[in-house]
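Top line first, the protein sequences correspond to chains Z and F. Numbered according to the numbering used here, the first sequence spans residues 4 to 238. Numbered according to the numbering used here, the second sequence spans residues 4 to 238.
FYI, nobody ran anything at the bench for these hints, they're computed from the structure. Some hints here could point you the wrong way.
Taking lysine-lysine pairs in the DSBU-like style, the calculated list, with each CA pair at most 30 Å apart, reads [to be verified]:
| # | chain 1 | residue 1 | chain 2 | residue 2 |
| --- | --- | --- | --- | --- |
| 1 | Z | K9 | F | K163 |
| 2 | F | K94 | Z | K94 |
| 3 | F | K157 | Z | K166 |
| 4 | Z | K118 | F | K166 |
| 5 | Z | K9 | Z | K163 |
| 6 | F | K166 | F | K220 |
| 7 | Z | K163 | Z | K140 |
Number of protein chains: 2
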Amino acid sequence: MDNQIKTIAFDADDTLWVNEPYFQEAERQFCLLLEDYLPQHSVSQELFKTEMDNLQLYGYGVKGFMLCMIETISRISNNLAPLELVNRTIKIGQELLERPIELLDGVAETLGRLKGRYRLVVATKGDLLDQERKLQKSGLEHYFHHIEIMSEKKVRDYQKLLKHLDCRPENFLMLGNSLKSDVLPVLEMGGFAGHIPYHTTWLHEQHDQSQHILQYKNFIELKKIDEIEEVLLQA
Amino acid sequence: MDNQIKTIAFDADDTLWVNEPYFQEAERQFCLLLEDYLPQHSVSQELFKTEMDNLQLYGYGVKGFMLCMIETISRISNNLAPLELVNRTIKIGQELLERPIELLDGVAETLGRLKGRYRLVVATKGDLLDQERKLQKSGLEHYFHHIEIMSEKKVRDYQKLLKHLDCRPENFLMLGNSLKSDVLPVLEMGGFAGHIPYHTTWLHEQHDQSQHILQYKNFIELKKIDEIEEVLLQA
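So here's chain Z without its partners, still in its complex pose (with noise of 0.2 Å):
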């Protein structure tokens, strides 16, 4: 497989670095907000919901996530809500927008050693200036020969990607945390696909890992980053 593989992509966030933590701690922190008119975790219901209705509308991200907070507070509040809480929301979200990268374990010596030997792209969801500017900050930029930011990581999105960086599906290898966007869709499409597991996972990136994928010979089942060199090594 070493010599097939000539493009390898990653997803940024919880492949790269932290990232579900920091949205689950704002979650936990907006749903305090609202204990007074629900309990917790039907705030966090109400909110996935909200989220849910807005996402063809809004895309992923933390602007459209601040959006549907402050819109189920209005919901759960039955508009009684005083507006301090939609200023503390906005503080939340403001303060995720600001937050350090912190880099996971092994991945900037793995990028070091992919480096020259394979060309490396990251490609990832989310707002397009904030996913640029964690990408600046987490000081892994120059191991990167492209940055896609992309509002979907359907088949048809993958295939676009590839179209732009000119390289086939059977050169192309994907790593990431989300079996349903970085996985599945580079498996049918033809490509590699390296799973990496990830502690915790959105809801809506939750996706049962079913024969429908161990099926497919060009799956690749790791436990940390670094793990991809061997792989690499020993096709």
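Starting from the known structure of chain Z, arrange chain F on it as the hints suggest.
Using the frame of chain Z, we list chain F on its own:
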């Protein structure tokens, strides 16, 4: 000049289709909501202040605009406005996201005649998903080789785009309505830039058309988009 130009990039909002009038209409509706607290023109000033304060954090686009309107409600009303105003503001923003696309005069015809003779690309700021959706709704997608959604349009952002397109500045022409974002940085980089003024411009994009621009020999002044064909032929 004609045999030099190989790639023509188009700004999208207010160059290919109507945008700023829709934002202004949304802003008028918003100011009207708050006239119990402040005269409409003062609400508008406060909103602009909020937008400028948050521009670095949110970037360009409708979602940031929505968050800024919401923040402005709290400040103007001293946290006393009813939550219902927040809901109505979210509605105003969502309607802005869902507006149909109204092409500007001559756009489709001009693109049709240039396609094949030049590599055509879109280079626009704004929310990723929103701009992609607008392009899809516009029916113009098939004219373009590449769509670049940019978080900023400064010299270094254009340099990145050109590197990515494998295009030299002297083979590049940018067309747009903003002297500040579409014209000046491209001229500074050594490319060609054509200004197609639109009857209204967001305050943040306004720029004195000074001697500074007129001194560049690569600067092209146009009244309408279809005039570019004649300029390209003449040169």
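Practice prompt. Could you tell me which of the numbered hints above are not met by this structure, giving the numbers in increasing order?
Written response: none
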